[in-house]
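K.L.:
With the sequences and hints as input, model every part of the structure.
For the sequence shown, UniProt numbering assigns the number 1 to the initial residue and increments by one for each residue that follows.
Quick caveat, the hints were computed from the structure, so don't treat them as lab data.
Fair warning: there could be bad hints in the mix.
To be verified - FRET-style restraints, in silico, Cβ to Cβ: (1) Lys-80 / Ala-59: 29 to 37 Å; (2) Leu-46 / Val-66: 25 to 33 Å; (3) Thr-62 / Val-39: 55 to 63 Å; (4) Glu-38 / Glu-70: 42 to 50 Å; (5) Val-66 / Arg-95: 42 to 50 Å; (6) Ala-58 / Glu-89: 45 to 53 Å; (7) Lys-80 / Arg-43: 51 to 59 Å; (8) Glu-24 / Glu-53: 40 to 48 Å; (9) Ala-59 / Ala-96: 53 to 61 Å; (10) Thr-62 / Leu-98: 51 to 59 Å.
Even for Gly, the Cβ is constructed at its ideal location relative to N, Cα and C.
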Amino acid sequence: MTRNIMNFMTLGSVDSIRRQSEFEFAAKSVEQFGLKNEVIAQRLALEEAKKKEEVETAAKKTRKEVKKAEKAEIEERWKKMLAVHVAVEAWEVQRARLREAGTTLKRKTCPRSPRDPSSQNRSRQTM
Numbered sequence: 001m002t003r004n005i006m007n008f009m010t011l012g013s014v015d016s017i018r019r020q021s022e023f024e025f026a027a028k029s030v031e032q033f034g035l036k037n038e039v040i041a042q043r044l045a046l047e048e049a050k051k052k053e054e055v056e057t058a059a060k061k062t063r064k065e066v067k068k069a070e071k072a073e074i075e076e077r078w079k080k081m082l083a084v085h086v087a088v089e090a091w092e093v094q095r096a097r098l099r100e101a102g103t104t105l106k107r108k109t110c111p112r113s114p115r116d117p118s119s120q121n122r123s124r125q126t127m
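P.N.:
As structure tokens, this is what we get:
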């Protein structure tokens, strides 16, 4: 009976050693897995940051292009407005000269106003 007890005790101790080694192995693998997860998480974070940067730079470029386009459009409007303004000033000067000269300002002899829409219609009809 003592032998059976001794065998049982040795089996128990071997079994406990086996369990302990399995537990240690599991702990090490969990540790390594945790490290792998951290590395993967870091990589994902870096990739996400790169994507964010790319999106931000693309957004900045589009904003700059939109601003340039708006600025060009405004400049074109101002050029047109300036041309009309210069034409109106020239018309007013011509009209003032005719008045000073004493010329009667009949509708036919009076220079047409660049602002007058009816004068634009008349010029289109005569063409």
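K.L.:
Taking the hints in turn, state whether each one holds.
P.N.:
Hints versus structure:
Between Lys-80 and Ala-59 the CB atoms are about 32 Å apart, so this pair conforms to the stated range of 29 to 37 Å. Taking 25 to 33 Å as the suggested C-beta distance range, the pair Leu-46 and Val-66 conforms, at roughly 30 Å. Hint check: Thr-62 to Val-39, Cβ distance near 35 Å, so the stated range 55 to 63 Å is violated. In this structure the supplied range 42 to 50 Å holds for Glu-38 paired with Glu-70, their Cβ-Cβ distance being about 47 Å.
Judged by the Cβ atoms, the range 42 to 50 Å given for Val-66 and Arg-95 holds: they are separated by roughly 43 Å. With their beta carbons about 46 Å apart, Ala-58 and Glu-89 fall inside the hinted range of 45 to 53 Å. The beta-carbon spacing between Lys-80 and Arg-43, approximately 56 Å, falls within the hinted interval of 51 to 59 Å. Between Glu-24 and Glu-53 the Cβ separation comes to about 43 Å, which falls inside the hinted range of 40 to 48 Å.
Checking the proposed 53 to 61 Å range against Ala-59 and Ala-96 shows it holds: the Cβ atoms sit about 55 Å from each other. The given range of 51 to 59 Å is respected by Thr-62 and Leu-98, whose C-beta atoms sit roughly 54 Å from each other.
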